[in-house]
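Trainee: Sequence:
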Amino acid sequence: MSLARIAALAAALVFAGAASQAQPPSRGNLPFTPKGARGAYNGPGGSTKEGPGETSLYKSAKDQYEALKKQASATGRLTGAQLPDWGGVWGLDGGAFNWDPSLARDATHYGPLSSGNQTFYEQTLKDAENGKEWDNLSYCLPAGYPRWISEGFLRDFAVTPEKVLLTNEQQSEVRRVYTDGRGHRPDDEAQPLWEGDSIGFWIGSGDSAKLVIWTNNLKSGVYHRNGPRYSDKAETIEVMQKIDPTHIKVDVTMYDPVDLTRPWTVHRGYKKDSLPQGRIDLWSCEENNNVVKRADGGSDFLLPGEKGYKDPTELAKPKD
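Just so you know, we're using the working numbering here: the sequence shown kicks off at 298 and counts up by one.
Straight-line C-alpha distance at most 25 Å; calculated SDA-like pairs for lysine to any residue:
hint : residue 1 : residue 2
1    : 460       : 384
2    : 460       : 503
3    : 530       : 481
4    : 356       : 367
5    : 530       : 485
If you're looking for bench data, these hints aren't it; they were derived computationally from the structure.
Please put together the full structure from these sequences, using the hints given.
Mentor: Okay, here's the thing in structure tokens:
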């Protein structure tokens with residue numbers, strides 16, 4: 298892209314401001330070596346050590362789920378009075394739980410990528426260095442799960458006895474975790490889904506209760522922009538727990554027989570927003586999205602005056 302075009306693009310983006318919600322691909326999302334220590338706290342009880350890329354003690358998500366279920370009550374179901382208060386809105390926690398929110402970076406440095414995945418990842422980095430980048434978010438598609446865990450923007454958690462709704466404001470992505478005792482979809486009804494099929498149960502009760510989530514039936518994707526991939530055979534076990542009034546931690550164990558050589562565990566966290574009546578809104582970026590895919594698979598941006606350009610200032614004007 299020429300310097301003149303970059304300057305024109307910058308001016309267009311400043312003009313558009315918050316009205317344009319599409320995410321253009323970023324530069325410099327290359328591997329790095331994390332600094333500092335992650336901080337000591339209890340992990341999911343299924344790994345060999347604390348820290349990034351821990352090796353799971355279990356061979357499958359089902360094994361880990363059933364082992365954790367032995368710590369729950371007979372059903373793992375809670376009444377409304379027994380549920381934790383996860384009210385408010387929550388953002389990514391950049392403190393002790395995160396060196397960096399990107400799951401891709403933990404997967405790259407500590408996760409056991411298969412040879413095919415490593416080749417895919419190296420080619421992705423090479424393409425990015427040559428200006429050829431593409432991200433599904435630029436088409437206003439969902440980030441999908443497990444990328445949902447580490448994407449930005451605020452989240453809202455609605456906890457009920459029958460299910461927990463985990464909503465990210467980005468693309469209005471909602472994950473539904475059924476805690477009513479049901480199992481996963483039967484094989485003849487299952488299909489790859491953006492957020493997968495999630496079931497769960499509670500360990501303990503009250504504000505310190507832990508939500509255990511087993512997710513499968515995933516649509517294949519990448520852990521993060523310019524990152525390694527995961528297959529549609531991937532499954533995860535999450536343990537979510539409110540550890541104090543303003544922090545929720547999440548322990549995530551990844552299982553993928555296609556794109557990983559072994560399971561691995563990472564930790565992420567969310568911090569409660571300080572706004573007393575914070576809320577999240579519906580996200581819709583397609584109507585004013587000016588990101589286009591080039592013939593070589595990279596990204597480009599339509600500028601004012603170019604064919605197909607969507608003027609964000611026109612969106613708010615009433616129609617005749």
